[in-house]
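Participant: Sequence:
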Amino acid sequence: MKFAKFAAFALLNSFLVFAQEDVEINKDIDVDSSLPAEEVEAVEKPKYINLNVTYNVREKPDESVYSFLDFYNGDVMHLDYEVVSNEDELLTITGVQGQLLSYPDGNLAANISAGKIGPFELNLNDTAEFNQLVQLRLEEGRYYLAPSLLVVKNQEVMRVGTRPTLINVEAPPMSIFNPQFLSILITISALFGGAYYYVCYIKTPSKATKKQAAKTAKNLKGAATVDKSWLPDTYTSKK
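With mature numbering (1 follows the signal peptide of the UniProt record, and there is no 0) applied, the sequence shown corresponds to residues -19 to -1, 1 to 220, in that order.
Below, computed lysine-lysine pairings styled on BS3-like, alpha-carbon distance capped at 27 Å:
#	residue 1	residue 2
1	Lys97	Lys28
2	Lys41	Lys97
3	Lys28	Lys134
4	Lys134	Lys97
Here are the in silico distance ranges between beta carbons for each label pair:
#	residue 1	residue 2	range
5	Ile167	Lys97	39 to 49 Å
6	Asn54	Asn112	15 to 25 Å
7	Thr168	Gly55	21 to 31 Å
8	Asp107	Tyr53	31 to 41 Å
9	Glu40	Thr108	22 to 32 Å
10	Tyr29	Ser83	20 to 30 Å
11	Ala171	Arg144	51 to 61 Å
12	Ser170	Val46	39 to 49 Å
13	Ser83	Asp43	20 to 30 Å
14	Leu71	Lys97	13 to 23 Å
15	Asp56	Lys97	15 to 25 Å
16	Glu44	Ile169	37 to 47 Å
Since the hints were made in silico from the structure, they are not lab data. Treat the numbers as computed from the prediction; the structure is a model and nothing was measured. The C-beta atom is built at its ideal place from N, Cα and C for all residues, glycine as well.
When you get a sec, could you build the whole thing from the sequences and use the hints?
Facilitator: Given below as structure tokens:
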């Protein structure tokens, strides 16, 4: 499993670095034979940008780049970039964007909206630092996060891919202030309250009620007893 994850990661990483630069290096180029030698060389020369791009996920600073980073749906990720130019020519970083791809098949799950930054102008060995916010609104599952930079070289905008990050998106825990949770809590409380009232006050009489009932029965029994001391002896002897 670990080897399969590493292989998929490496394959996607190579795809992003070379293919997502919008530079078709392996495509055959038709060259007009009538062009001057200098222009022919310029057409045949592949396009690339020599940049060293690294970034960290601010919320997970100690996690390995080969492990899944756990987030809840709706969380915001902060990507902190450091870019070093190894180009002799002037480069200008103008924006960040990217994609979220399903794991492990790499199907597109969502696009990361392009965001403007800088612009940062870089000469040889210059460094630029900036950050990118990515809000996760995805179904539960595992994904590749594949950020990319928009870089201008020789007045041409190029998209430079960076290493992907593995993320695991889970459903957020239910808050006690969530209206749905509160309605469930109120319903359960009402049911328990009704059951308690029925058992304690309706089905089972209280001690005070039992005592009052016994006293009433005693009084009725006493009222039914006749004091015969005042009756004549002839009447009582007949009885």
